[in-house]
Amino acid sequence: MKMKLTFAAALMAATAMSSAAAAKTLVYCSEGSPEGFDPALYTAGTTFDASSKAVYNRLVQFEPGTTNTVPGLAESWEVSDDGLEITFHLREGVQFHSTNFFTPTREFNADDVLFSFNRQLQEDAPFHDYVSGASWEYFNAMSMPDLIESIEKVDDMTVKFTLTRPEAPFIANLAMDFASIMSKEYADQLAEAGNEGNLNQQPIGTGPFQFVAYQPDAVIRYQAHENYWNGRQPIDDLVFSITTEASVRQQKLLAGECHIMPYPNPADVESLEENSDITLMQQEGLNVGYLAYNTQQEPFDQKEVRKALNMAINKEAIIEAVFQGSGQIAKNPIPPTMWSYNDAVEDDPYDPDAAREMLEEAGVTDLSMRVWAMPVQRPYNPNARRMAELIQEDFSNVGVDVEIVSYEWGEYLERSKEEDRDGAVLLGWTGDNGDPDNFLAVLLGCDAVGGANRAQWCNEEFNDLVQEAKTLQSQEERAELYEQAQVIFKEEAPWATIAHSTVFMPMRNEVEGYKMDPLGGHAFEGVDLAE
Amino acid sequence: MLRFLLFRLALLIPTFVGVSIVAFAFIRLLPGDPIMMLAGERGISAERYAELQAAYGFDRPIIVQYLDYLWGLLHGDLGTSVVTRRPVLDEFFTLFPATLELSLCAITLAVFLGVPLGVIAAVKRGSWVDQSIMGTALVGYSMPIFWWGLLLIILFSGILGWTPVSGRISLLYFFPPVTGFMLIDSLLSGQDGAFRSALSHLVLPSIVLATIPLAVIARQTRSAMLEVLGEDYVRTARSKGLPPARVIGLHALRNALIPVITTIGLQIGVLMAGAILTETIFSWPGIGKWMVDSVFKRDYAVVQGGLLLIAGIIMLVNLIVDVLYGLVNPRIRH
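So the protein lines, in turn, are chains A and B. Residues 1 to 531 in the working numbering are what the first sequence lists, from first letter to last. Residues 1 to 334 in the working numbering are what the second sequence lists, from first letter to last.
The shape of chain A in the complex, shown without the other chains (with noise of 0.2 angstroms):
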């Protein structure tokens, strides 16, 4: 008996290792582990990767490849006259995964979309403080609980939202991770058992791939969700295998080990091209890094100090040392794949010669002012501390003394925020919804001074127009006036505006449909590996 037993067995293993060698697999090397499965909870693109971008959908989503917003798991929307009420059509017959941990008995509607964001919203809803100090970050960062007035369940299939004022970004902001749509049946399930945590470990969503399996610092497996509205994927299965060093990620993909991998060394992009057996994708990063001077402070306050500074930076050269020919020069301070990026704008030229004269005009002799360096590497920045060098080179030859500074992240973050900071600071940002009010409200609107408005500049006009765009509904209206804004940015010149990197997406010939997120995000729908 026990021999049969162990020959059963033997032979389930030797039929379960054959279908798993006749999967689809596609291993993606990803770059750290995940926080936990619960998008709304973090704010790291890593762990939406793992999470929102596999496991769930959105009402509405980004377009692949594009940040353009499309219908998700609301099919339509229409937006009220006053551009308060927007009233959301669910899509019919679509399916919770089914797993070894849940078994759904109904399909998703208006109960799954009200939970998902009350739960955000309301100091009282369950799961509200399902883990130990949750904060709903990203909710809180986009304004969401003054925005939203309240969410209605109009009838199963159609959900109301009521804002407390027009905002034109709201569907973009929906379209993000942390608006992620879970399952209200299986919150309860966990709830009666006393599991709440397991949201967080556990993820069932509607999204193109259902959880597996998860081991911290080590595997992440997806398989294909059978049932998916939007297809059943080409692919098997999906497995995230954490790789955190770039050289070793490099070494994986060239064994085969794995398909695909994010953040290539900027030193290896050019040995991966030349590479037969690899393809290299390329985009533009949707971010800017740029240089805020602290426009409250002598002589930073005369704008033609600052476009003169602006003048004395080489910025072919920063592109060619810090990001060794993966960036290009900034302009505005939106990147140029975002709508309403204003071509037309002039970039103040590279001329030593003219900033010294316009600094002598203004007054300015023996001038000497800080910079701070980031102390981390950021896409956007890659090499604060050299950039900081070539600008005070720069500086240096048109009479500017500079000191350079740093501190230690999270300090550098705090202090850079404070109006009466000394000198001109090294920064940027990356794009969270593909919105230009992202950009133009958060880092230079006048609410933002104090905050993460680093260069304190209050400019009434150009506050206005980004106001205004925010209420207005049509993306054609509102993009004319970012562009004025973009035109009084340049005048102004509250920023030196440096670079926008490009962002490598190193994978095997033989992967085939991927498309590059330039919101940075890695999803993995719609790719399928070549027999």
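Because the hints were derived from the structure by calculation, they are not lab data. Keep in mind the model is a prediction, meaning the values are calculated, not measured. Don't take every hint at face value.
[Said to hold, decoys possible] Distance ranges between label pairs, derived from CB positions:
#, chain 1, residue 1, chain 2, residue 2, range
1, B, V203, A, G513, 29 to 39 angstroms
2, A, D188, B, I159, 53 to 63 angstroms
3, A, D129, B, L113, 47 to 57 angstroms
4, B, D192, A, D188, 39 to 49 angstroms
5, B, Q53, A, N195, 45 to 55 angstroms
6, B, L29, A, G194, 32 to 42 angstroms
7, B, I159, A, A530, 20 to 30 angstroms
8, B, L316, A, D156, 39 to 49 angstroms
9, A, G194, B, T136, 57 to 67 angstroms
10, A, P234, B, I159, 54 to 64 angstroms
11, B, L316, A, A213, 30 to 40 angstroms
12, A, N68, B, L316, 51 to 61 angstroms
13, B, F175, A, D81, 51 to 61 angstroms
14, B, I159, A, R106, 48 to 58 angstroms
[What the hints assert, rightly or not] Computed footprint of chain B on chain A; a stretch qualifies when at least three of its residues, placed anywhere within it, have a C-beta under 8 angstroms from a C-beta of chain B:
#, stretch
15, 214 to 222
16, 253 to 264
For glycine and all other residues, C-beta sits at the position ideal for the given N, C-alpha and C.
Starting from the known structure of chain A, arrange chain B on it as the hints suggest.
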């Protein structure tokens, strides 16, 4: 022997309290806090910051926070990670078997190669054999681990294709962890080739991790052997006409091993504290990388809990070494 043990155990208590204070204070001395780290470039409003401070209890006086932490410790509660919201102890026990497995393999490699090499070097003192062994040991000792690991990956995984690049087992194999030790779990899984795969994934990280301990053990064995080989009783044994292998193996090595055991014990302690660099290069899901990541994220609970657990393990290893030492050398017991 029992008194010796009890005395050693009693000594652990003040050490533990000391470590808990250091661990608690250390991470708070660093500028920045977990909330600021989570907020990043986006920043956070002052009200929201205060709200979160209160939610995590960071707004209370530091002494209250410490006592609260200590109270939790006495109940076996090391707190919850600010980042993953999972209990620190759970995270530790998920990751620790990987560190333990790797360090045991590495130390085995280091001992089985290091001790014989040290003995050979001592016996052939001054010869080219001695010089080349000691020269290699010096190189190994001063090898930058990160570079060494990458070099091996590029050669053996990239060019020759003999070993996998990183990870603990091929992604083809998937079974739930039972013991957390991949070698054992792969055998238990009954899947064909799983054990072989797990073993092949251990080769490079073990070599890299063993490099420094191997060099240290070889050097220590050599110097201890040289000392013993000059003793009268060795000369007597030799003059009695005993075969050289017996003199070296039995009379000399046994006595030379005492300081070597101490060295090995200390090295085990060091390895178990998490081999940060080796774990990072080989994407090995152990506690070294876990601790470093938490320091960067200012995850207070993980850093202080992790430090305490690691200190506990090092103390335990030292205790075992002391006891072993007492067994080998009765003079120590008194």
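Among the hints numbered above, which are violated by the structure, and what are their numbers in rising order? Hints 5, 8 and 10 contradicted; others consistent.
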